[in-house]
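Construct the entire structure; sequences and hints are all you get.
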Amino acid sequence: MADRVRIVNACKNFGKVVALKNANLSVKPGEVVLVIGPSGSGKSTMLRCINRLEHLTSGEIWVDEDQVTNHASDMRKIREEVGMVFQSFNLFPHLTALENITLAPRVVKKLSESEARELGLKLLARVGLSDKETVYPEHLSGGQQQRVAIARALAMSPKVMLFDEPTSALDPEMIKEVLDVMVELALEGMTMLVVSHEMGFARAAAHTVVFMDNGEIIERGPPEKVFASPKEERTQRFLKHIL
Amino acid sequence: MAEVDRVQPAGVPQGTPASPRRDARSGRGARIEVSDGALIPGRGEKSTFSAWRISFFGALVLLIGLFVFKPHPYRDIMLFLPDGILKTFEVTVMSIVCALVVGLIAGLGRISRVMIVNRIATIYVEVIRGIPLLVQIFYIYYALGKIIQVPDIFAAVIAMTVCYGAYLGEIFRAGIQSIHKGQMEAAIALGLSRAQALRMIILPQTIRVVLPPLGNEFIALLKDSSLVSILAVSDLLRRGREYASKTFDYFEAFTVVALAYLVMTLFFSRLVAMMEERMNRRGR
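Top to bottom, those sequences are chains A and B. Numbering (our numbering) for the first sequence: 1 to 243. Numbering (our numbering) for the second sequence: 1 to 284.
Source of the hints: derived by calculation from the structure; they are not laboratory data. Among the clues, some could well be false.
Only pairs whose alpha carbons sit at most 25 angstroms apart, straight line, appear in this in silico DSS-like list of lysine-lysine [to be verified]:
hint, chain 1, residue 1, chain 2, residue 2
1, A, Lys159, A, Lys77
2, B, Lys70, B, Lys181
3, A, Lys21, A, Lys231
4, A, Lys176, A, Lys122
5, B, Lys181, A, Lys109
6, A, Lys132, A, Lys122
7, B, Lys246, A, Lys77
8, A, Lys77, A, Lys110
9, B, Lys70, A, Lys16
As C-alpha cells, this is what we get:
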C-alpha cells in the first residue's frame, strides 16, 4: 500500500539551531502515529513541516502523490487534505463555534450556506457539542474549544490529521473529552500523527510510536514494544521520566 | 512566510490562549501612554469621566450663558460661526475617510512580505511623520498648484489624508501584529490564502483593537483641521478670524472658537468611549 505521508531525509534548521536531522518516516493510510520525545526534540517542527507551516531546509515530504516540499505544488490543496489541531486551539474568537467550522468549507470548498451549515452541525454533534452552535469560543471551556477545533479541521475532510500537543494546554479533567474524540477518530480509520505524551491514547489507539530526541528519530515501533522494551538507551531514559 | 518562520525557542509553549496581546505591557517597568487626542472617558474611570462632565457641561453652560447674558458681541459671533463648524466637519470627515483607506493600505504595506511594497510603505510613514502637518499643508497646496488647480478644500483634504494616513497606517500595523500568530496559522492550515485569512480572520479582530486609537486620531484630526484655515478654507477658526478682523473683537471671537472646539472634541471622545464599551460587551 502506498504511503499516505512520507518524510525523506528531512532537515530543518532555525539559524544555527538544528530542529530536524535526517528524519525519515512513512505513515500508511489509517495508521495512527504517536510522536513522543523531550521538549525541543523537533516533534512539533516535523508536524508543522508536513503542511508547510515551516519550510524544510532540505529533504522531501510527500502527502500521497503530492510533494509538499516542492514549491510548484498547490499548497492550498495539500492544506485542505491535511487537517491540523493546535496546542492553543487557535479558534477564531470573533466567530461562533459553528462559524468556526463552516468558514473554510464555505470559502475554500465553495459550499453553499446551507450545505456548510448542515456539515457544521453534523460535526458539532460528532464532537458532542450540538448545543454550542451559537456560542463564541471565549464562553467555551478549553476541552470544548479543542473539540470545536477538531471539528473545524475535519470539516475539510482531510486525509491526514496532525495533532500538535492537543491536550497540553488543558486542565486534567478536560483531557479525556478530547482524547475520546481522538480515539473515536482513530478507530474510524483516520490517518493521524499525534505529538503527545498521553499514554492512555497511546494504548487505546496508536499503531506506532516514534521517539524523537535532538531532531532525530531514535526509535519507532508498536506501542507495546517501545513502551515495554525500548531498544535505545535514550528512549529508556526518557520513558523512565514519563511513565 | 514571515510570521511562521520565527524561531520557536525549545520548550516554550507556543502561546497560551490567555490574551497574548497584553504580554508586551505586563512586563516590568511602567509604560507611559500619552496620546495627543483627548482623554477618552470610560464609565469605569471615575475621575476622567467626571472631569469630562465638568469640562463638557461647563463649556456648554458658558456658551449659553454668554449668548443669553452678553448678546453683544457673543450672539453675533455665534451666529457667524456655524458655517465654519460645518466646514470643519466637512474637512474632518472627508479626511478621516480617505485617511482610513490610505492608512489601511500603508499598514498592510508595512507588514507585506513583498520587499518593495514594504519599503515604500515604510518610507512613506517615516517621511510623513517627520514633517510637521502645517508644513505639509503648505507644501502639498503649492506643489499641487504647480500641476493642477484644485479647490482649496480638496487640497486641504489631500494634505490631511497624506499626513494622517501615515499615522493610521502605524495603528493598523500594530493592530494586525497584535493578533496572535496562531490565528494566521490556523487559517492557512485550513486552506485559506493569506489574503483571505487577513480579510476574514485577522482584520475583523484588528478592528476591535484599533478602534480606541482610531477614535483618538479622529479627534486629533478634528483639532488639526484648524490648520487648514491658512488655505482660505472657511473653517471654524477662519470664520472666527474673519469676524474678528471686521469688528476687532479678537478675544471674544477666539473664546467662542475655543469653546466650540472643546465641546466638539469632548462630545466625540465620549462617543468613541461608548462605541468601545459596546464592542467590549458584545464579546471578542
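How the hints compare with the structure:
1. Lys159/A <-> Lys77/A: holds, 12 angstroms
2. Lys70/B <-> Lys181/B: violated, 61 angstroms
3. Lys21/A <-> Lys231/A: holds, 20 angstroms
4. Lys176/A <-> Lys122/A: Answer holds: Lys176/A to Lys122/A is near 21 angstroms, not above 25 angstroms.
5. Lys181/B <-> Lys109/A: holds, 24 angstroms
6. Lys132/A <-> Lys122/A: Cα-Cα ~12 angstroms, so holds.
7. Lys246/B <-> Lys77/A: At roughly 73 angstroms apart (the allowed maximum being 25 angstroms), Lys77/A and Lys246/B break the hint.
8. Lys77/A <-> Lys110/A: holds, 13 angstroms
9. Lys70/B <-> Lys16/A: violated, 78 angstroms
Consistency with the previously given hints fails for numbers 2, 7 and 9, ordered from lowest to highest.
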